[in-house]
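Sequences and hints are given; from them, build the entire structure.
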Amino acid sequence: MSIVPMEAVSGQTHIRGKDVAPAVAAPLAPRARLLPALGAVYTAQLSRARVARIPLLFVATFQSVGIMVLMRGVVDGGAEARAVVAGSSVLVVAFVALNLLAQYFGQLRASGGLDHYATLPVPPAAVVLGAAGAYASFTVPGTVVTAVTGSVLFSLPMTHLWVLVAVIPLSGAALAGLGAALGLLAPRQELATLLGQLGMSAALLLGVLPAARLPEPISYARDLLPSTYGVEALARTFDAHPDWASVGFDLAVCAVVGVVSLTVATWAYRRAAVR
Numbered sequence: 331m332s333i334v335p336m337e338a339v340s341g342q343t344h345i346r347g348k349d350v351a352p353a354v355a356a357p358l359a360p361r362a363r364l365l366p367a368l369g370a371v372y373t374a375q376l377s378r379a380r381v382a383r384i385p386l387l388f389v390a391t392f393q394s395v396g397i398m399v400l401m402r403g404v405v406d407g408g409a410e411a412r413a414v415v416a417g418s419s420v421l422v423v424a425f426v427a428l429n430l431l432a433q434y435f436g437q438l439r440a441s442g443g444l445d446h447y448a449t450l451p452v453p454p455a456a457v458v459l460g461a462a463g464a465y466a467s468f469t470v471p472g473t474v475v476t477a478v479t480g481s482v483l484f485s486l487p488m489t490h491l492w493v494l495v496a497v498i499p500l501s502g503a504a505l506a507g508l509g510a511a512l513g514l515l516a517p518r519q520e521l522a523t524l525l526g527q528l529g530m531s532a533a534l535l536l537g538v539l540p541a542a543r544l545p546e547p548i549s550y551a552r553d554l555l556p557s558t559y560g561v562e563a564l565a566r567t568f569d570a571h572p573d574w575a576s577v578g579f580d581l582a583v584c585a586v587v588g589v590v591s592l593t594v595a596t597w598a599y600r601r602a603a604v605r
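At position 55 of the sequence shown the residue is numbered 385 (my numbering), and the sequence of numbers has no breaks.
Quick caveat, the hints were computed from the structure, so don't treat them as lab data.
Please note that a few of the clues may not be correct.
So the derived label-pair ranges between C-beta atoms look like this [to be verified]: (1) Ser377 with Ala448: 17 to 23 Å; (2) Leu386 with Gly407: 29 to 35 Å; (3) Gly408 with Ser377: 39 to 45 Å.
Ideal placement from N, C-alpha and C gives every residue a C-beta, glycine not left out.
Written out as structure tokens, the structure is:
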């Protein structure tokens with residue numbers, strides 16, 4: 331039979347004739363609010379990736395411009411030219427927001443980097459949105475350069491290129507959420523890289539090629555791709571009298587898909603962080 335000291339029963343410790351109250355664990359710091367945490371993660375990701383991602387952004391822009399130069403010898407103008415320029419412009423967003431973000435989260439999960447974020451009092455949504463926003467921000471210069479260059483190559487009006495202010499963030503949100511989800515759900519880093527590259531290839535083939543020249547079954551797959559609606563919205567603005575109702579509908583679809591994909595990415599982050 332063991333003997334339990336009276337101090338253990340009473341919850342007090344007797345040291346040199348004095349009763350000392352038991353130590354009480356200090357309360358944890360409250361979790362940061364979403365918006366301040368989002369700003370902190372966004373700034374950190376932007377500064378961390380600035381040096382490493384600028385060469386890749388140049389590659390993405392050069393790739394899109396090269397595609398338009400090649401298509402210039404096949405497409406003369408009209409609706410096909412508008413589709414090529416719009417698709418090539420949004421392809422810059424797909425290359426960075428989908429492909430590179432899938433690789434980043436896949437690498438972060440494989441290397442145990444998610445453990446660092448899991449120890450911080452930061453909401454999971456702030457981590458996903460901050461990283462997605464930082465990567466999407468890198469697409470702005472390349473997308474603008476591609477759209478302006480394509481307009482000059484195919485003699486398209488640049489009057490309504492201001493719509494890129496809506497196309498870039500909404501397409502970027504939809505594609506970045508998809509890229510983050512692919513990187514977090516892939517069981518291996520190599521598979522995350524492969525899925526990101528396949529997604530970018532789909533954006534290239536289904537976005538740049540004119541829809542009228544695609545076989546009907548493939549056109550259905552094109553409708554399922556989030557970047558398609560950003561391409562359609564931008565292509566419509568090259569008309570002399572754009573159908574703004576259709577442009578607004580396409581942008582609304584991008585926004586809805588962006589909310590859904592970022593929500594799935596946040597859930598995937600929680601799932602990966604607790605493993």
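Each hint, compared with the structure:
| no. | hint | verdict |
| --- | --- | --- |
| 1 | Ser377 with Ala448: 17 to 23 Å | holds (22 Å) |
| 2 | Leu386 with Gly407: 29 to 35 Å | holds (32 Å) |
| 3 | Gly408 with Ser377: 39 to 45 Å | holds (44 Å) |
Of the numbered hints given earlier, the model fails none.
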